[in-house]
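Each chain, written out:
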Amino acid sequence: MARSLNIIYFAWVRERLGIDQEEVALADGIETIGDVVTLLAERGAGYADIFSDPGKLRFALDQDYGIAATPIGSASELAIFPPVTGG
Amino acid sequence: MARSLNIIYFAWVRERLGIDQEEVALADGIETIGDVVTLLAERGAGYADIFSDPGKLRFALDQDYGIAATPIGSASELAIFPPVTGG
Amino acid sequence: MIRIAVGPEDFDIAAETRRVAGRGGGAIASFIGQVRDDGNLASLELEHYPAMTGKALTAIAEQALSDWPLHAVTIIHRVGKLVVGDNIVLVLTGSDHREAAMESCSFVMDKLKTVAPFWKKETRADGAAKWIEERQSDIEAAGKWKN
Amino acid sequence: MIRIAVGPEDFDIAAETRRVAGRGGGAIASFIGQVRDDGNLASLELEHYPAMTGKALTAIAEQALSDWPLHAVTIIHRVGKLVVGDNIVLVLTGSDHREAAMESCSFVMDKLKTVAPFWKKETRADGAAKWIEERQSDIEAAGKWKN
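Residue numbers (the numbering used here), protein chains in the order written: chain R, 25 to 111; chain A, 25 to 111; chain V, 776 to 922; chain E, 776 to 922.
Since the hints were derived computationally from the structure, they do not count as laboratory data. There could be a bad hint or two in this list.
[Stated by the list, open to error] With a straight-line Cα cutoff of 30 Å, these simulated DSS-like cross-link-like pairs (lysine-lysine) come out:
| no. | chain 1 | residue 1 | chain 2 | residue 2 |
| --- | --- | --- | --- | --- |
| 1 | E | Lys-921 | E | Lys-856 |
| 2 | R | Lys-80 | V | Lys-830 |
| 3 | A | Lys-80 | E | Lys-830 |
| 4 | A | Lys-80 | E | Lys-905 |
| 5 | V | Lys-921 | E | Lys-830 |
| 6 | V | Lys-919 | E | Lys-921 |
| 7 | A | Lys-80 | E | Lys-919 |
| 8 | R | Lys-80 | V | Lys-896 |
| 9 | V | Lys-856 | V | Lys-921 |
| 10 | A | Lys-80 | E | Lys-921 |
| 11 | E | Lys-905 | V | Lys-919 |
[As the list claims (entries may be wrong)] If you anchor each label on the Cβ, the simulated ranges turn out as follows:
| no. | chain 1 | residue 1 | chain 2 | residue 2 | range |
| --- | --- | --- | --- | --- | --- |
| 12 | V | Ala-817 | R | Tyr-89 | 50 to 58 Å |
| 13 | A | Leu-50 | E | Ala-817 | 23 to 31 Å |
| 14 | R | Gly-68 | E | Trp-920 | 32 to 40 Å |
| 15 | E | Lys-921 | V | Ala-834 | 19 to 27 Å |
| 16 | V | Ala-903 | E | Lys-921 | 56 to 64 Å |
| 17 | E | Trp-920 | V | Ala-903 | 38 to 46 Å |
| 18 | V | Ile-907 | A | Asn-30 | 58 to 66 Å |
| 19 | A | Glu-101 | V | Arg-794 | 16 to 24 Å |
| 20 | A | Arg-40 | V | Asp-812 | 27 to 35 Å |
| 21 | V | Ile-907 | R | Tyr-89 | 18 to 26 Å |
| 22 | A | Asn-30 | E | Thr-833 | 41 to 49 Å |
Quick reminder that beta carbons are idealized off the backbone N, C-alpha and C, glycines included.
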């Protein structure tokens with residue numbers, strides 16, 4: 025069964041990509057947040073700049089924080105954003 | 025020159041004495057807050073109950089905290105009260 | 776009692792204080808964060824992740840309620856465009872004990888700064904815009920709490 | 776800026792917050808103490824030493840201003856007869872930094888509890904009256920500050 029994931033972006037990640045979300049098909053072997061980020065980094069210049077240094081990014085899978093090793097499992101939404109700066 | 029000191033009382037000290045202040049003449053040799061407290065303790069039953077245990081009391085000389093050893097100097101007002109309980 | 780509110784609306788400190796006071800206790804601590812004038816700030820744009828923000832703030836409030844003897848925790852955070860002097864965030868905690876109220880209020884702010892999904896973008900008087908970066912001091916402040 | 780007020784009048788938390796916010800900084804911490812309902816409390820009588828109270832509270836506020844980077848410290852304390860739910864004390868501190876605002880607010884309360892010349896007398900529902908005694912926890916809280 026083809027899996028897909030809705031990826032949503034915030035703050036400068038959103039601005040630099042020029043989109044606030046996209047649906048990404050997950051090929052076999054894409055199992056973790058880190059795998060998705062690698063997939064995004066391989067898309068070319070604009071994406072590579074942003075996703076080749078995942079240490080600058082934070083991730084939430086179905087609205088809970090995750091790290092590169094977190095399995096995607098049956099999640100439907102992955103949010104990618106810079107460290108938070110509210111308050 | 026005869027010295028005198030206005031002594032003012034607060035909270036249960038005031039209530040138990042039944043007065044909120046009094047003028048006390050200071051004989052020669054009465055030099056510190058502790059000397060004044062001893063003088064008061066020697067006045068008889070009502071006073072002795074209150075002033076014979078100075079550890080339960082706090083003192084302010086001209087509105088600054090003092091201890092038994094604090095010299096009266098030229099101060100004009102000695103306040104005697106229980107530990108504070110505001111806030 | 777937990778009260779969480781996120782939106783563009785300003786908050787009413789008197790009404791929010793009455794609400795917390797109404798839960799009893801007698802000790803109410805609060806923190807208000809406002810847009811600070813650091814010289815040439817024109818405006819601040821506050822973005823958030825709507826689907827996650829309420830969940831993240833509720834989790835912080837629940838942690839505070841479990842770690843301190845509290846009657847109430849209120850967290851209100853504004854989003855959208857704000858100018859100097861505008862309110863950004865309000866945290867109120869109510870307890871029988873002042874230490875519990877004050878410590879938990881500090882805890883909520885420290886956690887909020889590092890886990891609640893808000894982002895601030897500054898616009899300067901000359902039109903230059905910049906996303907604010909995380910501060911090391913905020914990470915350290917959040918790290919001092921065991922939870 | 777230091778603002779000290781002692782009297783029977785209630786305070787207006789919104790107005791006092793605006794006043795501190797007006798000094799700038801963006802970080803405002805507050806603590807409110809109210810008469811707590813512990814079951815059968817009828818009323819609380821707050822006595823103070825008028826000639827000393829303002830001086831003692833001003834000294835605490837000055838110490839806070841010298842130990843933290845603050846724009847404003849407000850201390851308001853009520854006296855006279857109060858009932859359950861009434862406000863007793865308000866402390867507000869304003870700073871550029873939330874840690875400075877919150878820590879100094881806690882400092883002011885801890886010092887106030889142990890040095891400001893106020894005394895509380897409780898009257899119970901059955902008419903029994905008793906002067907409240909100092910609490911060891913308040914002495915320890917005040918002792919944790921170096922100054």
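Among the hints numbered above, which are violated by the structure, and what are their numbers in rising order?
1, 5, 9, 11, 12, 13, 14, 15, 16, 19, 20, 22
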